[in-house]
Amino acid sequence: MLEFHSTGDARAAHVQGRTGSVDKITVERVSHRNRCRTSDEWVLRDVSLSVRTGDLVTIMGPSGAGKTTLLRLIADLEEPTEGRILLDGRPVQEVPHEDLRARVGMVFQIPALFEGTVADNVLYGPRLRGGDDRADAVRVLERVGLRQGLLDREASALSVGEQQRVALARALILRPEILLIDEPTSALDPASTARVFRLIRELNVSDGLTVIQVTHVVDLARQSGGEVVLVVGGKRIESGPAEVFFSNPRTEAARAFIDGTLE
Amino acid sequence: MSLIEISIGDLALSLGFIALVVVLSRLEGLAMERTLLTGTVRSMVQLIAVGYVLKVVFDLERWYWVVLAVLVMTMVAAHTARKRQTVRVPHCFWTMAGSIGLAAALVLGSLVGVILRVAPWYQPQYLIPLAGIILATTMNATALSVDRFLSEIKQRRTLVEAALALGAGAKQASRASTAAAFRAGMMPFVNTMMVAGIVALPGMMTGQILGGVAPTDAVRYQIVIIYGITAAAAVSSLAALAIVRRQIFTRRAQLAL
Chain X
119 MLEFHSTGDA
129 RAAHVQGRTG
139 SVDKITVERV
149 SHRNRCRTSD
159 EWVLRDVSLS
169 VRTGDLVTIM
179 GPSGAGKTTL
189 LRLIADLEEP
199 TEGRILLDGR
209 PVQEVPHEDL
219 RARVGMVFQI
229 PALFEGTVAD
239 NVLYGPRLRG
249 GDDRADAVRV
259 LERVGLRQGL
269 LDREASALSV
279 GEQQRVALAR
289 ALILRPEILL
299 IDEPTSALDP
309 ASTARVFRLI
319 RELNVSDGLT
329 VIQVTHVVDL
339 ARQSGGEVVL
349 VVGGKRIESG
359 PAEVFFSNPR
369 TEAARAFIDG
379 TLE
Chain S
780 MSLIEISIGD
790 LALSLGFIAL
800 VVVLSRLEGL
810 AMERTLLTGT
820 VRSMVQLIAV
830 GYVLKVVFDL
840 ERWYWVVLAV
850 LVMTMVAAHT
860 ARKRQTVRVP
870 HCFWTMAGSI
880 GLAAALVLGS
890 LVGVILRVAP
900 WYQPQYLIPL
910 AGIILATTMN
920 ATALSVDRFL
930 SEIKQRRTLV
940 EAALALGAGA
950 KQASRASTAA
960 AFRAGMMPFV
970 NTMMVAGIVA
980 LPGMMTGQIL
990 GGVAPTDAVR
1000 YQIVIIYGIT
1010 AAAAVSSLAA
1020 LAIVRRQIFT
1030 RRAQLAL
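Protein chains in written order, with this note's numbering: chain X, 119 to 381; chain S, 780 to 1036.
Hints listed in this document are in silico derivations from the structure and should not be mistaken for laboratory results. Every value quoted in this text rests on a predicted model; they were computed, and no experiment measured them. In this text, a Cβ means the ideal position worked out from N, Cα and C, and glycines have one as well. Worth double-checking, as some hints may not be accurate.
Among chain X residues calculated to face chain S with C-beta under 10 Å, some are [stated by the list, open to error]:
no. : residue
1   : W160
2   : A220
3   : V222
4   : P229
5   : A230
6   : F232
7   : T235
8   : A237
9   : L292
10  : E295
11  : A371
12  : R373
13  : I376
Pairs of lysine to aspartate or glutamate, EDC-like flavour, derived with a Cα cap of 20 Å [as the list claims (entries may be wrong)]:
no. : chain 1 : residue 1 : chain 2 : residue 2
14  : X       : K353      : X       : E197
15  : S       : K933      : X       : E233
16  : S       : K950      : S       : E931
17  : X       : K353      : X       : E200
18  : S       : K933      : X       : E196
19  : S       : K834      : S       : E784
20  : X       : K353      : X       : E301
21  : X       : K353      : X       : D325
22  : X       : K353      : X       : E196
23  : S       : K950      : X       : E320
24  : X       : K353      : X       : D217
25  : S       : K862      : S       : E784
26  : S       : K862      : S       : E931
27  : S       : K950      : X       : E196
28  : S       : K950      : X       : E370
29  : S       : K950      : X       : D325
30  : X       : K353      : X       : E233
31  : S       : K950      : X       : D238
32  : S       : K862      : S       : D838
33  : X       : K353      : X       : E216
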């Protein structure tokens, strides 16, 4: 569930039936500047966001809007220049990072599979923690719609669509509380894209997994349902339930984004 | 058997070699003359100066002068290794100086103290040339492996972060890059060992043979040296990689490059 700082009415409509639940992730007035960049530009400016357990949140915006950075900050792959990020009300910097990495899963734009077999990839996380349960690997592989026969195949021999699902399985095997997904379909054909998006939705609806995904594709955001957040130029422009946002955008930027005319 | 002395006149004669190249460059329009002349003058000035400095160190035969000379050589090696880096990391000079110094001290100590049993240990005739060979090769290996490591990490960035996101520590997440870097740094030595004595006679051996040492004795020195520099190169590269890894990953296992 998103908390709408600027739009109390939309929030009221969506808090129903879930009162009392604590925010899973809170992004609190986060601003971020890239360290290595020579320019002094802020990638994110004063962004706040609340995500509740079981939410499916889609962060949308044009390329370079700061969506990926926001996701990376939530995953604690970088620390925000200003502001903080809370997990279950606790600053992520206070959560031991080994712990945090199991609780918050991340899937990148490209599958980023390691050299070796599918099993080597899926069991990477468990092996770091002293486990090596093939039955578990089979279970998550089936969950993402892949045959268990693929387990001993070289990961690089799979199609990109299959690889991206292996990447999902690799994150899911650690039973994360939140899954962060960064443009998972940017390298996929339309059919695979639809499959991956359906799968993500299923994980959210049937398995109750909290999902924050990033996309710049308007249609994908629309089809995902759940909550959407529009980020443009490092700022949170508008947010709300997908059906409200797409049928009745309030800002000029949101209308332009939906029409595909945003610069 | 004694060494034939090279007089100043003989030295001047050797400039004929350079003159030959200058003429060739002129005739073919290769525009190499200027660079070539700079190199010629530099090498002559540097080598003559070093010759005098070493003569003083040899004549004084004091342990502190010998150690100082080796330290200066180490600093120059560290500086050169740092200059060869394409990706900048902070305190690179000290990383290089520390790694190269540690490895050289270890191997030089073993050579002088255990294998050759030089007495007194600081005899410049042994310590200075041995230090020179060890430092030069260690410098090359360390510069190569650190440079390769940083470019590998940059190239595999998403893979490294994917591993971090699954809970891997800095060392695990950068394992493949470390292996590639170490291999890149060590390959020249392994290749040298493979062809030692077949394709070319190593420099130290050549010098000893010219100096009148029997080839069978000279090869023993060369064997000891090759093994020693291999160890020095490995220790120094791994030490430098460990330091650099700590610099580019944060305590919370974030890649900050």
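Hint check results:
1. Because the beta carbon of W160 (chain X) sits about 18 Å from the nearest beta carbon in chain S, more than 10 Å, this interface hint is broken.
2. Taken as an interface hint, A220 (chain X) checks out: its beta carbon lies about 6 Å from the nearest beta carbon of chain S, inside 10 Å.
3. With a least beta-carbon distance of about 8 Å to chain S, the hint placing V222 (chain X) at the interface is held under the 10 Å criterion.
4. The beta carbon of P229 (chain X) comes within 9 Å of a beta carbon in chain S, closer than 10 Å, and the hint placing it at the interface holds.
5. Nearest Cβ of chain S to the Cβ of A230 (chain X): about 4 Å, under the 10 Å cut. The hint holds.
6. Because the beta carbon of F232 (chain X) sits about 7 Å from the nearest beta carbon in chain S, less than 10 Å, this interface hint is met.
7. The beta carbon of T235 (chain X) comes no nearer than 16 Å to any beta carbon in chain S, farther than 10 Å, and the hint placing it at the interface is violated.
8. At about 14 Å, the closest approach between the beta carbon of A237 (chain X) and any beta carbon in chain S exceeds 10 Å, and the interface hint on this residue is violated.
9. Taking 10 Å as the C-beta cut-off, the interface hint given for L292 (chain X) holds, the closest approach to chain S being about 7 Å.
10. Annotation: E295 (chain X) was flagged as interfacial toward chain S, and the flag is violated, the nearest CB pair being 14 Å apart, outside 10 Å.
11. Proximity of A371 (chain X) to chain S is violated relative to the hint, the smallest CB-CB distance being about 30 Å (cut-off 10 Å).
12. The closest approach between the C-beta of R373 (chain X) and any C-beta of chain S is roughly 34 Å, which is over the 10 Å cut-off, so the hint fails.
13. With 10 Å as the threshold, the beta carbon of I376 (chain X) stays out of range of chain S, its nearest partner Cβ sitting at about 30 Å, so the hint is violated.
14. Annotation: proposed proximity of K353 (chain X) to E197 (chain X) holds, straight-line Cα distance about 18 Å (limit 20 Å).
15. Simply put, K933 (chain S) and E233 (chain X) have alpha-carbon atoms about 17 Å apart, close enough for the 20 Å limit, and the pair holds.
16. Pair hint K950 (chain S) plus E931 (chain S) holds up; C-alpha atoms about 14 Å apart against a cutoff of 20 Å.
17. A distance of roughly 14 Å separates the Cα atoms of K353 (chain X) and E200 (chain X); the hinted pair therefore holds under the 20 Å criterion.
18. Taking the CA atoms of K933 (chain S) and E196 (chain X), the gap is near 16 Å; set against the 20 Å cutoff, the hint holds.
19. A threshold of 20 Å between alpha carbons decides the hint, and for K834 (chain S) with E784 (chain S) the separation of about 16 Å falls inside it, so the pair holds.
20. For the hint linking K353 (chain X) to E301 (chain X), the alpha-carbon distance of about 19 Å falls within 20 Å, and the restraint holds.
21. For the suggested pair K353 (chain X) and D325 (chain X), the alpha carbons sit about 31 Å apart, so the restraint of at most 20 Å is broken.
22. Of the supplied pair hints, the one linking K353 (chain X) and E196 (chain X) holds, its CA atoms being roughly 18 Å apart against a limit of 20 Å.
23. This hinted pair does not check out: K950 (chain S) and E320 (chain X) have alpha carbons roughly 36 Å apart, beyond 20 Å.
24. This hinted pair does not check out: K353 (chain X) and D217 (chain X) have alpha carbons roughly 30 Å apart, beyond 20 Å.
25. For the hint linking K862 (chain S) to E784 (chain S), the alpha-carbon distance of about 37 Å lies beyond 20 Å, and the restraint is violated.
26. For the proposed pair K862 (chain S) and E931 (chain S), the alpha carbon gap of about 19 Å is at most 20 Å, so the pair holds.
27. In summary, the hint linking K950 (chain S) to E196 (chain X) is supported, as the alpha carbons are separated by about 18 Å, within the 20 Å threshold.
28. A distance of roughly 48 Å separates the Cα atoms of K950 (chain S) and E370 (chain X); the hinted pair therefore is violated under the 20 Å criterion.
29. Distance hint between K950 (chain S) and D325 (chain X) is unfulfilled; the C-alpha atoms sit about 34 Å from each other, more than 20 Å.
30. Straight-line distance between C-alpha atoms of K353 (chain X) and E233 (chain X) comes to about 38 Å, which puts the hinted pair past the 20 Å bound.
31. Of the supplied pair hints, the one linking K950 (chain S) and D238 (chain X) holds, its CA atoms being roughly 18 Å apart against a limit of 20 Å.
32. This hinted pair does not check out: K862 (chain S) and D838 (chain S) have alpha carbons roughly 34 Å apart, beyond 20 Å.
33. Between K353 (chain X) and E216 (chain X) the CA atoms are separated by roughly 30 Å; this puts the pair beyond 20 Å, and the hint is violated.
In summary, the numbered hints that this structure violates are 1, 7, 8, 10, 11, 12, 13, 21, 23, 24, 25, 28, 29, 30, 32 and 33.
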